[in-house]
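*Asks:* Could you slot chain B onto chain A? The hints should help.
Number of protein chains: 2
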Amino acid sequence: MIKVSVMYPHKPNARFDHAYYRDKHMPLVKARLGAACRFYTVDKGLAGGSPGDAPTYVAMCHIHCDSVEAFQAAFAPHAKEILGDIPNYTDLAPVMQVSEVVVGQA
Amino acid sequence: MIKVSVMYPHKPNARFDHAYYRDKHMPLVKARLGAACRFYTVDKGLAGGSPGDAPTYVAMCHIHCDSVEAFQAAFAPHAKEILGDIPNYTDLAPVMQVSEVVVGQA
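Those sequence lines, one after another, are chains A and B. Letter by letter, the first sequence follows residues 2 to 107 of the working numbering. Letter by letter, the second sequence follows residues 2 to 107 of the working numbering.
Be aware that one or more of the hints could be misleading.
Since the list can't tell identical chains apart, any single copy or any two copies may satisfy a pair.
[To be verified] Straight line, CA to CA, 25 Å or less: simulated SDA-like cross-link-like pairs of lysine to any residue:
| # | residue 1 | residue 2 |
| --- | --- | --- |
| 1 | Lys45 | Tyr21 |
| 2 | Lys81 | Pro52 |
| 3 | Lys25 | Phe72 |
| 4 | Lys12 | Asp86 |
| 5 | Lys25 | Lys45 |
| 6 | Lys12 | His79 |
| 7 | Lys81 | Pro13 |
Hints were generated in silico from the structure; no laboratory data involved.
Okay, chain A solo, but in the shape it has when bound:
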């Protein structure tokens, strides 16, 4: 299993609509990826390593797929629509990373 993590770096005064992200954007991603997306999780950044520190990322999602190829094949046909939805909830540019799931939730 791999996960595609999409991470939105915290910036002061940036815009991020967590409700839209949870209720509209991520369900759109799931609908378009179909069965290639086994499941996804969504995080809302609360704090950094010390109390009062801003989180590194204001939000993250982690899209779990069987393989990088499975993700890419499912994402590519819908990339324009999915990426085009980003301005509807944020003016931040996300950072992406692909990881192997070494230990998953039981």
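*Replies:* Just chain B now, kept in the frame of chain A:
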């Protein structure tokens, strides 16, 4: 539910022993946190947003707890031992973040 994410920024030529991290360090963290750690997940960074890009993080773990307070109360008595184990698998300094789990694995 909250998650404490511990993220190890990729650096060329840095040392990271993924086997030790999976087999020794994270089980130590779980043993010391006890029931306060509901579960944890571990990622190994494979790639960045474009093929051939290095991942932002060479490894990450996500420790799931009922609350920030539950994590802190369980972690504090063992912080020295847990943090002292880091040099056994890496020379990288991790970045920490606390997030609210907005959408978790079903």
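*Asks:* Look at each hint and say if it fits the structure.
*Replies:* Right, here's what the structure says about each hint:
no. : hint           : verdict
1   : Lys45 to Tyr21 : within (12 Å within a copy, 29 Å between copies)
2   : Lys81 to Pro52 : between (39 Å within a copy, 18 Å between copies)
3   : Lys25 to Phe72 : within (20 Å within a copy, 31 Å between copies)
4   : Lys12 to Asp86 : within (20 Å within a copy, 32 Å between copies)
5   : Lys25 to Lys45 : within (15 Å within a copy, 29 Å between copies)
6   : Lys12 to His79 : neither (28 Å within a copy, 33 Å between copies)
7   : Lys81 to Pro13 : neither (28 Å within a copy, 33 Å between copies)
Taken one by one, the earlier hints fail for this structure at numbers 6, 7, listed in ascending order.
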